[in-house]
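Chains as they are written, first to last, in this note's numbering: chain A, 1 to 315; chain B, 1001 to 1379.
Please note: incorrect hints may appear among the correct ones.
Unchecked claim - In silico EDC-like links for lysine to aspartate or glutamate, alpha-carbon gap of 20 Å or less: (1) Lys-9(A) / Glu-177(A); (2) Lys-1357(B) / Asp-135(A); (3) Lys-1166(B) / Asp-1236(B); (4) Lys-307(A) / Glu-1046(B); (5) Lys-1354(B) / Glu-175(A); (6) Lys-1167(B) / Asp-1099(B); (7) Lys-194(A) / Asp-135(A); (8) Lys-1357(B) / Asp-33(A); (9) Lys-1334(B) / Asp-69(A); (10) Lys-1377(B) / Asp-135(A); (11) Lys-1085(B) / Asp-1061(B); (12) Lys-307(A) / Asp-1321(B); (13) Lys-1183(B) / Glu-1198(B); (14) Lys-297(A) / Glu-237(A); (15) Lys-1216(B) / Asp-1321(B); (16) Lys-1334(B) / Glu-310(A); (17) Lys-1066(B) / Glu-1192(B); (18) Lys-1326(B) / Glu-177(A); (19) Lys-1066(B) / Asp-1023(B); (20) Lys-1326(B) / Glu-303(A); (21) Lys-1334(B) / Asp-1277(B); (22) Lys-1357(B) / Asp-302(A); (23) Lys-1377(B) / Glu-175(A); (24) Lys-307(A) / Glu-1328(B); (25) Lys-1326(B) / Asp-1373(B); (26) Lys-1251(B) / Asp-1277(B); (27) Lys-1113(B) / Asp-1059(B); (28) Lys-1371(B) / Glu-310(A); (29) Lys-1334(B) / Glu-237(A); (30) Lys-1354(B) / Glu-174(A); (31) Lys-1205(B) / Asp-1250(B); (32) Lys-1334(B) / Glu-216(A); (33) Lys-210(A) / Glu-303(A); (34) Lys-1326(B) / Asp-302(A).
If you are wondering where the hints come from, they were derived from the structure by calculation, not from laboratory data.
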Amino acid sequence: MNEKITMLKQELHKAVIGQESLIEGLLIGLLCDGHILVEGVPGLAKTTTINTFSKALGLDFKRIQFTPDLLPSDIIGAQIYNPQDHSFSIKKGPLFTNLLLADEINRAPAKVQSALLEVMQERQVTIAEESFQLDPPFLVMATQNPIEQEGVYALPEAQLDRFMMKIIVKHNSEEEELEIMRKGASKSFAKVEKVLSLEALQALQEKLEKIHIDKELEQYIVQLISATRDPEKFGLEHISPMLMYGASPRASIDLYKAAKAKAFLRGNDFVTPADIGYVIHDVLRHRIILSYEARAKGITSDEMISKIVETLPIP
Amino acid sequence: MKHNLGKHLLLFSLFLVQLFAEDFTYRITTDSTEVYLKEAVVLTVELNQTNPNVVLFFDFDLHPSKNYTFHRIDTKQSDSYQKVKTDYTYLLYPLHAGDLNITFDLTKKVTTKENVAYSFSGDRDNVKGIDTQNIPITLPPFQLHIKALPKAVQLVGDFSLEYKIKKHQAKAYEPLPLQITIKGTGYPPLLENILPKELNVTRFKEKPILHTVNTKEGSQSSVTYPIALSHTQSFDLHTIVLNAFNPKTDKAYTLSIPKQHFEIQRVDVNSLVDKIDDPKPLQGDYGWLTSLFSYLVVFGAGVLTALTLKRKKRITINKTDPLIEKIEACQDAKALLQLLMATNSRQFASNIEKLEKHLYGNGKMNLKKIKQDILEKIV
């Protein structure tokens, strides 16, 4: 594994115990310029993880707690009248940052969620008549409460598609929890230092571009995505009634980039089918829309993805 | 029964006492002043206001006495508060022979028109009493002469008797229901013992059922005596004779129940006694040993069942987990890698790496060993 990545991971583990999948998901997001959607019950160190990232990378970090009465201007900023010199000035919102934690994003109504769309995709903010480019890197890590909870709105498909990966955060193992408990009680978490500069991060991103991916694997990625749209074509007739919509072309791009990033994080300079297998669930689980029948039967999108991976032969 | 009371009333002279008191006069009348013991007397008291300057009310009743009983059977009152006229009618039964003084309780209630009007000013939820000045008035007693009854008379009035006997045959100790009813006009025919005292049988008695309506013609009564008799052998109920006297006709008469024979079937008392010990007397009881053995057998069976289920569950898990079957079915490294990729589980990362190195690098691997390692992780 790349030395700098190892160093960064070590620094992150000073404050975050376990949660490998979340840390790896954020690293992939940072390297690929993607955004991450995180789902999990409260108290699993989601905020701590991204905060630690900002400290270890020396990046700007802001957090927005999404609430039902939040307005778009609360997050993007607004034009303010100055009565002293009779002029308008722009007050920039918390979006102007490198790492943004959109906490409990599905507690806000659709208009606020939509305000994020432009920023996430274009990386620019328009306030009044003026547009502002955001400084790279810009990563949105949105946390989402499970839809079964009270007072949450489902995120629109268009917005879900803008998240590169959806990470399911689970509880730590008993050994990890014991360590958390001891360190938390004695306040002995070590101070996180900046270990990676912005330039170093950009250099890592450039190295990522050079990761080789075979044409057969490119074809394999396209087939995996196509299988979500047209399962019959790949001998998956039995899962066809369970799928309403398949993944978008943006999913192909993100799976391609994520597989390369995973290979890079594993210390390889080429992508293997296993790299694709490691990231495919995270990349596709929020992009596949299940039919009513599937939801009634309690089938998850992860199960559908597994069926596809299991069926399509690897190169 | 002869209904000739009205005819006789016409023959009676009207006995009248009229007296004057402050603000009012009163008049006491009876249909007769010389009557038999327990003969009905109709007594009427009229109170007439004479002073129209006050508002008067009367609170009147006969004074209770052990020498007579009485029932108020009618009250009439005029609506005029300043010229009030009130008539009270009583049915009275003398209970003592000789000269009998009837005494009265009278209270004169004096008030004003304003007080009466004020009492009406409230509504039904705010009732106001009339404020009155209450003055007790002592009226002189009204005297009656009471004649003694002929000897051994039990009933006074014009009565008839009915009786019902449901059956004359029964087993020993079985009750024989008997119902006697006396109806008629006169002093209510309540008797302490309607059956002869000397009757040597077991008696079951209830309180007599009395229905009485008091009218100016007298008390119309019906008394029912529910009785049951029981005995161990046959017996006779001798003729019952009740001596009655009708004061209106001045004649004595009798009411009777003829002799009744009751046939009692004897029962062998010995056959009623339970002579068998049930439950049987305790002997050497080794039932506890059987119970203990049963408990041990059940406990052992429970333990064995639990162990069997645990083993079966383990076998079932091993056999039913579809992933295990799929892993066992994998023929080559590529198929196994594909299957592990589909599981999306980090626990197989090391196995995936070995398979990768074999497939896309120069690494060597033992498929059987990897499969065994994976199965151990699952189980």
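Against the structure shown, which of the earlier numbered hints fail to hold, in ascending order? Numbers 2, 4, 5, 6, 8, 9, 10, 13, 15, 18, 19, 21, 22, 26, 29, 30, 31 and 33, in rising order.
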